[in-house]
Structure formats: structure tokens, C-alpha cells
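Just need the whole structure built from these sequences, with the hints factored in.
Number of protein chains: 2
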Amino acid sequence: MNKSLADLKIVIVGLGLIGGSIARGLSNKKSNKESNQKLCREIVAVGRNEKILQQAFDDGIITGYATDVAQACVDADLVIIAVPSLTVEKVLQELKSAIAETTVVTDAASVKGAIIESVSRVYGEVPENFVPGHPIAGSENSGYSASLKDLYKGKKVILTPLDHTSQSAVSLVQMLWESLGSEVIKMSVADHDQVLAATSHLPHLLAYALVDTLSQQGQSEEIFRYAAGGFRDFTRIASSDPQMWHDIFMLNGDATIEVLDEYMTDLSRLRTAMQNRDSDELMTTFKRAKKSRDKFLEHFPRAEK
Amino acid sequence: MNKSLADLKIVIVGLGLIGGSIARGLSNKKSNKESNQKLCREIVAVGRNEKILQQAFDDGIITGYATDVAQACVDADLVIIAVPSLTVEKVLQELKSAIAETTVVTDAASVKGAIIESVSRVYGEVPENFVPGHPIAGSENSGYSASLKDLYKGKKVILTPLDHTSQSAVSLVQMLWESLGSEVIKMSVADHDQVLAATSHLPHLLAYALVDTLSQQGQSEEIFRYAAGGFRDFTRIASSDPQMWHDIFMLNGDATIEVLDEYMTDLSRLRTAMQNRDSDELMTTFKRAKKSRDKFLEHFPRAEK
Chain A
13 MNKSLADLKI
23 VIVGLGLIGG
33 SIARGLSNKK
43 SNKESNQKLC
53 REIVAVGRNE
63 KILQQAFDDG
73 IITGYATDVA
83 QACVDADLVI
93 IAVPSLTVEK
103 VLQELKSAIA
113 ETTVVTDAAS
123 VKGAIIESVS
133 RVYGEVPENF
143 VPGHPIAGSE
153 NSGYSASLKD
163 LYKGKKVILT
173 PLDHTSQSAV
183 SLVQMLWESL
193 GSEVIKMSVA
203 DHDQVLAATS
213 HLPHLLAYAL
223 VDTLSQQGQS
233 EEIFRYAAGG
243 FRDFTRIASS
253 DPQMWHDIFM
263 LNGDATIEVL
273 DEYMTDLSRL
283 RTAMQNRDSD
293 ELMTTFKRAK
303 KSRDKFLEHF
313 PRAEK
Chain B
13 MNKSLADLKI
23 VIVGLGLIGG
33 SIARGLSNKK
43 SNKESNQKLC
53 REIVAVGRNE
63 KILQQAFDDG
73 IITGYATDVA
83 QACVDADLVI
93 IAVPSLTVEK
103 VLQELKSAIA
113 ETTVVTDAAS
123 VKGAIIESVS
133 RVYGEVPENF
143 VPGHPIAGSE
153 NSGYSASLKD
163 LYKGKKVILT
173 PLDHTSQSAV
183 SLVQMLWESL
193 GSEVIKMSVA
203 DHDQVLAATS
213 HLPHLLAYAL
223 VDTLSQQGQS
233 EEIFRYAAGG
243 FRDFTRIASS
253 DPQMWHDIFM
263 LNGDATIEVL
273 DEYMTDLSRL
283 RTAMQNRDSD
293 ELMTTFKRAK
303 KSRDKFLEHF
313 PRAEK
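Taken in order, these protein sequences are the chains called A and B.
Sequential numbering of the first sequence, starting at 13, is according to our numbering.
Sequential numbering of the second sequence, starting at 13, is according to our numbering.
It is possible that part of the hints are untrue.
The list makes no distinction among identical chains, and a pair is therefore deemed to hold if it is satisfied within one copy or across any two copies.
[Claimed, not checked] Pairs of lysine to any residue residues, derived as SDA-like cross-links and limited to a Cα-Cα distance of at most 20 Å, are as follows: (1) Lys303 - Gln231; (2) Lys165 - Gly242; (3) Lys167 - Ser154; (4) Lys167 - Asn61; (5) Lys167 - Lys198; (6) Lys21 - Ile128; (7) Lys302 - Gly242; (8) Lys168 - Ala18; (9) Lys302 - Ser154; (10) Lys168 - Val182; (11) Lys302 - Gly241; (12) Lys161 - Leu174; (13) Lys302 - Gln229; (14) Lys303 - Gly155; (15) Lys168 - Gly125; (16) Lys21 - Phe69; (17) Lys303 - Gln229; (18) Lys302 - Gln228; (19) Lys198 - Ala18; (20) Lys50 - Gln66; (21) Lys168 - Glu195; (22) Lys302 - Ser227; (23) Lys63 - Glu270; (24) Lys102 - Ala240.
Hints listed in this document are in silico derivations from the structure and should not be mistaken for laboratory results.
Below, the structure written as C-alpha cells:
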């Protein structure tokens, strides 16, 4: 298989923030030949909401749509599953009889171990043309209306192919993401779920929990009124889609609990330091954390506000 | 005392982010008469670093400076103490013999109970012309170089006068902050320390702890490399000045521990929900938190990115 994207029929299942942004990127990006030329032959979206699908069609973002997975996937070269993690298995079942063995399937879910399990349940094994993937990009806003042409530009996409995954299938998915401006990185399923538990899943849990703790207090209206910019940024991710995050914690709970336990141990240590007015312990921790955080910014050159 | 700001000699002790921004606001704001007219007669800064003081003088931000508190405060009408919370008491001692009884003194520390205690220790009681204050504005950047003319514009400033605090002293401090574009709110010392523990001190502790937990892990370099925008915003406040936050947790540890304990109970509940794959508990919590956070934004109209 030495196809270029331009030859392909690509089907995107789920036209929310993630799928919508893929469609926008594929449809709008300028090619070398002329501006606004699609990057692939066909972009077909599958969704539940026909109004949104029609809007995307009218917007020129997609070349066709269906509410039925099997119908959309006839002759598909590449299927991208961009639905909440717990819905992926249902989509895989609908796909199974509809696509050819040569059709490459990838996903965009934030957990990879559980998706591999879903695929195994549906297919009995993980097909060589299934490429597990996860774009490290998002927003606290969700839905097609929040989708952005450049959401993936300059962002990392992690692929977690298995040993027997087809090299040409991986190359095709890599080409897709690179055409949207992403940097593609490969790692193991377990590493992915552990790293993401630490850098993404745990922070989201902490932010949801903080807003929830404060909102349960008697004077919560009063409390929120005096919150400032630090609080707003700290809790931004608590405005994220509850369904998406529910699914992630249902599926990556174990890895999240592992790093949460370390975190709670750290918090208890700081609690003791505050109780004992332990100046050294507090100062050492804050200095070390600031240094690490400032160093992290080197990996993430987007300017701070 | 019916003075207007224009008649006053104002001394700012500490020319960092907070004090520097006050000086910039006082010096640069356009008046009704002509542009760039100072809002007060004199703006004298006290600092340890003479280079920075000279720079501020050259910048036209201050009209004079000293490295000695007593020297700067001769004939001062209003003294603003803008140093890390644990340094306030030392400044108060230096001030004691240098200022007239009629000089109004205020501070900008993020804790109020401990400052009241410092004042009581130095003066034997809280003088009627001492007005405890706290601008709810800041940045993860610190120092004079990070100071901004408009840092306080549209921000809240909390004053926590005691029963016997002079009404005219409170009015003077209120006039100061309003001239910088702030909204002045009054509340009790205890309420301030509790509300700020919840909305500011706890989030800073959580952010420092998260970065610290992750930086202690074996593959921390790897972990930070895959962090994205949510992590960057969530941990922004962990780049804040360690000295300032050390002081705050040394002085408002009890109120912080109180809300931290509620938070850790909430985290444990979510841990159990993840462990038990308790779909309802997770979904209910995330939906409730998102609703609260979206409602909070109504109080904080600055546009989200």
C-alpha cells in the first residue's frame, strides 16, 4: 500500500471537537497546487445529529455524511474513530462487517489499553490494520462548534502500534496526522496510559475535585466571587466535557489511581509541613516545583500569557 | 482628614510585582487635566536593591527612593507595605519610630490574620490608622520587571478593617485602590483568610504538589514532554515566587489545612469511584463541577481563550 492521502476516502466517526477538527484540517488546508484543495479524495462523517452533519457539509468541511457507520464506510480507505472512549467498542462492532480487511482503522481516544481490549473483544484479536492513536490536543470546549482547523498544528500525536501492527497502516495514519501539522510519536500502550494518567488525567481529576469541593461549601457563591486569574486557569479543565472524562476515568482508573496515590502522599507531606510550620520543607518543595515547571516550559514553547 | 491623593506623599515599601505595579499605576495614569500626570504628590519607593530603585526612578515611575524605611517615610501620608508576608513585621518595626501617628499604613499581604498579629506585636495593639488590605491580583512572574501599570484594573481589593479602624484611613486606602481601577470590598479578617485559602492558597498548593510529584518520578522528563495545554494552565501558578508562597503557607496554614482536608476527602471519594468503576458517581461529580465552574465564569467575565 503506497497510497497518498489524495487518493483516499477517509471516514470520521464522531464529528465533535476532535473529529470536526480533523475534518476541518483535511478539507481546508492549502495544497501546493491550489488553495483550499482537500487533502484527500473524500471526507465522510458519521454522527448522530443530522443537523450538524448537514452544517458541516454546507460548510464544505466534509464531502458526505451518514448517521449509519456501515453505510458511510463502504470503500473507505481509512476510518478514524473519534467518539468518547466508552463508545468506541460499539463503533467497532458496527464497522466489523462493513469494511474490507485492507481498510485502516485508527482512533483518537485518550486511553489506549482499554481500546486495545475493546478491539480484541470485537475481533477476537487486534487486526493488523488497526492503529491505536491519541492526539494530545483538545480544549475545555466540546462539540463540532468548538472544532478548529489548526487544532493539531504543532501538537503531538501518540501512536501505540502493537508488534504485529502493519507498518504500512502505521505509515498511513502517521501521514494523516503529519498532514494536519502534528508531530507523531510512538510508544507502548502501557507507557501511554501511564504518562497520560500523570500529565492529563490526574490534573483533570484534581480540577474537577477542587471546583466540586468549593461548590459544596456553604458560602460557595462568596468563594467563587473572590477567585482570581490563578483560579480561573487552574480550573479551566474542569469545564471539559463530563462524558469524555467519565469515560477516561472508567477506563484508565487504575493508572490514574497509581499516580493519585503518590500525589496524595505528597499532599499529606505538605499538610504536615504546614501544621509544623516547617519552613525548610515548604521552601524546598516550592523551589523544586518552580524549577521543574519552568523547565517544563522549555518543552512547550507556546508563550505564557 | 479630607485629603485628595494629589496632595499626598505615598511610600511603597517593596518594589516587586505588587509594589512596582502600584507605583506604575500611580505615576502613569492620565488625569483629567493632562496625560501622564501623577496621581499623587510624591511616590517614594523603599527596596533592598538600589539598582532597581534607580531604574524605577529613571523610568519616571517614582519620584524618590531609599533603602532605609525610616528615611523614606519622613512626612509620609500613606505607607503601603508590599513585601513578602513574613517580612511585614520587620518593616512595621522600622516604621514605628519613623512615622507620625496620623500616617496611614496599609499592606498588600495575601494573609490578614497573621498580619494583624504582627501589627499587634509591634504596636501592642492595632493602630486606628492601620488598614489591612489585599489586592486580588498577581502573576506567576515576580519582581519589578514583571510589574504592570494596569495590574489592578478591574481587579478586586479586599480591605479587612477592624471595628476601631479609622473611617478616614479606610477611605484613603479605598481611594488609592479605586484610583488604580480596582473594586474595593470589605470583609472580616477571618472570612478573608478562609475565602483566600479556598480560592488561592489551596490551588497554589495543589499545583506545586502536582509538579513536584511528577518531577520526582523516574521518567519525569518523558512525562513533561507529553504534557499539553491543560497541564500548562493547571500548573501555571506553580511557577509563582516560592518565597511569597512559603510565607503564605507559614501564616495561613490552618485555614488552608481546613479546606485541604475537605479536598482530600473529595479526592478519596473519586478514588473509590474509579476503583469501583462507579459510573454514576463520576458522572454526577463531573457534571456538577462543570456547572459550577461555568457559573463561576459569570463572576469573572474576562474572556476564556
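Here's how the hints hold up against the structure:
1. Proximity of Lys303 and Gln231 under a CA criterion of 20 Å is satisfied inter-copy only: 16 Å between copies versus 35 Å inside one chain copy.
2. Taking the shortest Cα distances, Lys165 and Gly242 sit within 20 Å of each other only across copies (16 Å), while inside one copy they are farther apart (27 Å).
3. Taking the shortest alpha-carbon separations for Lys167 and Ser154, only the intra-copy value of 18 Å comes in at or below 20 Å, while the best inter-copy value is 29 Å.
4. In the homo-oligomer, the alpha carbons of Lys167 and Asn61 never lie at most 20 Å apart, since the shortest distance is 28 Å inside one protomer and 42 Å across protomers.
5. Taking the closest pair of Cα atoms, Lys167 and Lys198 come within 20 Å of each other only inside a single copy of the chain (14 Å); across copies the shortest separation is 45 Å, beyond that limit.
6. In the homo-oligomer, the alpha carbons of Lys21 and Ile128 never lie at most 20 Å apart, since the shortest distance is 24 Å inside one protomer and 70 Å across protomers.
7. For the identical chains of this complex, Lys302 and Gly242 are neighbours both inside a copy (15 Å) and across copies (17 Å), given an alpha-carbon limit of 20 Å.
8. Proximity of Lys168 to Ala18 under the C-alpha cut-off of 20 Å is found in neither arrangement, the shortest distances being 23 Å within a copy and 55 Å between copies.
9. For the identical chains of this complex, Lys302 and Ser154 are inter-copy neighbours only, at 12 Å across copies versus 31 Å inside a copy, given an alpha-carbon limit of 20 Å.
10. For the homomeric pair Lys168 and Val182, the shortest alpha-carbon distance inside one copy (16 Å) is at most 20 Å, but the shortest distance between copies (53 Å) is not.
11. For a Cα distance limit of 20 Å, the shortest separation of Lys302 from Gly241 qualifies both inside one copy, at 18 Å, and across copies, at 17 Å.
12. Neither within a single protomer nor between protomers do Lys161 and Leu174 lie at most 20 Å apart by alpha-carbon distance, with minima of 30 Å and 56 Å respectively.
13. For the identical chains of this complex, Lys302 and Gln229 are inter-copy neighbours only, at 16 Å across copies versus 30 Å inside a copy, given an alpha-carbon limit of 20 Å.
14. Taking the closest pair of Cα atoms, Lys303 and Gly155 come within 20 Å of each other only across two copies (17 Å); inside a single copy the shortest separation is 37 Å, beyond that limit.
15. In this assembly of identical chains, Lys168 and Gly125 lie within 20 Å of each other by CA distance solely inside one copy; the values are 19 Å within and 47 Å between copies.
16. Proximity of Lys21 to Phe69 under the C-alpha cut-off of 20 Å is restricted to the intra-copy arrangement: shortest distance 15 Å within a copy versus 66 Å between copies.
17. In this assembly of identical chains, the alpha carbons of Lys303 and Gln229 lie at most 20 Å apart only when taken from different copies (15 Å versus 34 Å within one copy).
18. In this homomeric assembly, Lys302 and Gln228 come within 20 Å of each other (Cα to Cα) only across copies, at 13 Å, whereas the closest approach inside a single copy is 31 Å.
19. Neither within a single protomer nor between protomers do Lys198 and Ala18 lie at most 20 Å apart by alpha-carbon distance, with minima of 24 Å and 64 Å respectively.
20. Taking CA atoms no more than 20 Å apart as the test, Lys50 paired with Gln66 passes inside one copy only; the shortest distance there is 18 Å, against 59 Å between copies.
21. For a Cα distance limit of 20 Å, the shortest separation of Lys168 from Glu195 inside one copy, 5 Å, qualifies, whereas the shortest one across copies, 42 Å, does not.
22. In this homomeric assembly, Lys302 and Ser227 come within 20 Å of each other (Cα to Cα) only across copies, at 10 Å, whereas the closest approach inside a single copy is 29 Å.
23. For the identical chains of this complex, Lys63 and Glu270 are neighbours neither inside a copy (42 Å) nor across copies (49 Å), given an alpha-carbon limit of 20 Å.
24. In the homo-oligomer, the alpha carbons of Lys102 and Ala240 never lie at most 20 Å apart, since the shortest distance is 43 Å inside one protomer and 29 Å across protomers.
Hints 4, 6, 8, 12, 19, 23 and 24 from the earlier list are contradicted by this structure; the remaining hints agree with it.
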